[in-house]
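**Student:** Spelled out from the first residue to the last, the chains are:
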Amino acid sequence: MIALLTRDLRLAVRAGGGFGLGLAFFLIVVVLVPFGVGPETALLGTIAPGILWLGALLACLLSLDRIFALDWEDGSLDLLATAPLPMEAVVSVKALAHWLTTGLPLVLATPLFALLLSLPGAGYGPLVLSLLLGTPALSVIGTFGAALTVGIKRGGLLLSLLVLPLYVPTLIFGAEMARRGAEGLDTTTPLLMLAGISCGTIALLPFASAAVLRVNLR
Amino acid sequence: MPELGKYAVEVLSSYAVSIALLAVLVGLSLWRSRRVRAQLEEVEERVRRDGQD
Amino acid sequence: MNLNALWEYANPKKFIRTTERVLPWVSVLSVVALVVGLIWGFFFTPDDYRQGSTVKIIYLHVPAALMAINTWLMMLITSLIWIVRRHHVSALAARAAAPVGAVMTVIALATGAIWGQPMWGTWWAWDPRLTSFLILFLFYLGYMALWEAIENDDTAADLTSVLCLVGSVFALLSRYAVNFWNQGLHQGASLSLDKEENVADVFYWPLLVCIAGFVLLFIALVLLRTRTEIRARRMRALLARERMR
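Protein chains in written order, with the working numbering: chain G, 1 to 218; chain H, 219 to 271; chain S, 272 to 516.
Treat the hints with care, as some may be off.
Unchecked claim - Residues on chain H that point at chain S, a partial pick, calculated with CB under 7 Å: (1) V229; (2) S231; (3) G245; (4) S247; (5) V265.
Claimed, not checked - Anything over 10 Å on all C-beta distances counts as not near chain H; from chain S, calculated: (6) R357; (7) W452; (8) V486.
Honestly, the hints are just simulated from the structure, not real lab data. Bear in mind that the values here come from a model prediction, so they are computed numbers and not experimental data. All C-beta atoms, glycine included, are put in the ideal place defined by N, C-alpha and C.
For reference, chain G alone in the conformation it holds in the complex:
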C-alpha cells in the first residue's frame, strides 16, 4: 500500500502538470474574480470565503481524471486488480494520493490567496480549517466519479457533470463555515456537519468506487 502511495506521488510530481496545475488554476481564479466583480475591498472581503471554496473545488475537479486515466491506459490498473491488495484499498490510496498532491497544497496556499481577496482577519482560521476538513471529501467523491468514467474516452466533461452535484453538500457546509468565521459568528454547526460528511464519505464511498472499478475492469 505504501509502495503504491509513493509510486503515485512520484508519478504526480514527475509527470509535470498534475501537481502544480491545480495550484496555478486556483491562483488564476483568485486573480480573475476582482476583474469580474470590481476592486472594492469590502465586496471582495464578503465574497472571499465563497470564491476561495469554489476555486479550491474547481481546482480539485480539474485533476480528477488523472487519478485512474494513466494507469488505465498502460494496463497497470488491471495488474492492481489482480494484486492481493483489495480494490477498496487501492481506491483509498488513490484518493489519498490525490488529496496529498492537490488538496493539501490548496489548503496551504489558501491563506496567501485570501490575502489577495482581503478576507477579514477573523476568517483565516475557520477558512483553512474548513478546507482542511472538506478537501478530503472532495478527493474521495472525485475518486468515485473518476472510477465511474474510467473506461470512457473523453470522459472529462461527463466526470464534471457527475461529480459536481455530489459536491453540493460539502461546498455548502464548507463555505458556510468559512463565511460565518469571516463574519465572526459561531461555526460549530457547519463544522460538525462538514466533519460528518468527510468521515462518512471516507468510510463508505471507497466501497462504491471499488465496486464501480471492478465493473469497469470486467
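Starting from the structure of chain G, add chains H and S where the hints point.
**Tutor:** Frame of chain G, contents of chains H and S only:
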C-alpha cells in the same frame, strides 16, 4: 373561458409550457418506440433469412 | 397473492406481451384523468382570496413536483433490483424513467418560477425547495449522460445503478444542507393527512384527480419507453451477433 384577472398571463403560460413539455415527451417516446420497433423487425427478418441459407 | 409470480414479469418477452395489453388501458385512463382534472381545476374552481387565479397553477405544479421525486425513488428501487437480482427489465425501466423524471422536474421548476413571479415578486429565489429541485435536475442529467456514454449494456446498467444509489444519498444530504443554508419562502405541505395543513377542499379534489393523471401518465410512459429499451437492447445484441459471424 374563466375570468383570470390580472394573472391571466402567468396562469396561461404555465399551462402552455407544461402541456407543451408533456406533449414533446410523449411524442418523442412514441416516435422512438415506432422507429425501434420497425428497426428490430427489419433486423430480425434479416437474421432469420441469413439463418436459413 | 403469490409474490413470486411478480418476478415472471422480469422476463423481457413476458413483459412485452403483458404490457401490450395493459398499456392502452393505462394510456386512456391517464388521458381521461388529466383532461378531467385539468379542466375541472382550470374552469370550475374559484380563485384563492390571496393568490387570485394563480392558484390554478397548483394543478400542474404539485403533481409534477411529486412525480419528479417519485421517479427518482422508482429508479432507486429498480436499480436495487438490478443489483440484487440482475433482471434486465429492471435496469432498462430505470433508464426509461430518467427522462420522464427530468421533464417532470423542469415542469415543476418552470411553473414554480411563473408562479413565484407574482407571488414572491421574483422568478427565481434560492429557496431550499427550488434549489433542491435544481440539484435533482442535475442528478437526472448526469444519470442520463452516463447511460448514453457507455456502450456495453450490462456495464452501463451496473454503473448507473451504483450512481443512482450514491446519488440518492447525496441528494438527501443536499436537501438538508440546502435547508440549513437558507430558510425558505414555500408554504408547508399542500397535501397531508393533517387536515389543518391541507389546501382548501375546493382545490383538493381536482388536485387529487390531476395527481392520479400524472401518476398514470408516468406509468404509461415508463411502460412504453421500457418496451422501446428492451427492443433496442435486443437489436444491439442481434447486430453484435451478426458482426461476429
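**Student:** Take the hints in turn and mark each one as holding or not.
**Tutor:** Hint check:
1. V229: holds, 5 Å
2. S231: With a closest approach of 6 Å, the H/S231 hint holds.
3. G245: violated, 11 Å
4. S247: Nearest chain S Cβ about 5 Å off; hint holds.
5. V265: holds, 6 Å
6. R357: Holds, because the least Cβ-Cβ distance between S/R357 and chain H comes to about 23 Å, which exceeds 10 Å.
7. W452: The claim stands: S/W452 keeps its Cβ more than 10 Å from every Cβ of chain H (closest is about 27 Å).
8. V486: It holds; S/V486 is separated from chain H by about 13 Å at its closest Cβ, greater than 10 Å.
Hint 3 alone, counting from the list given before, is not met by this structure.
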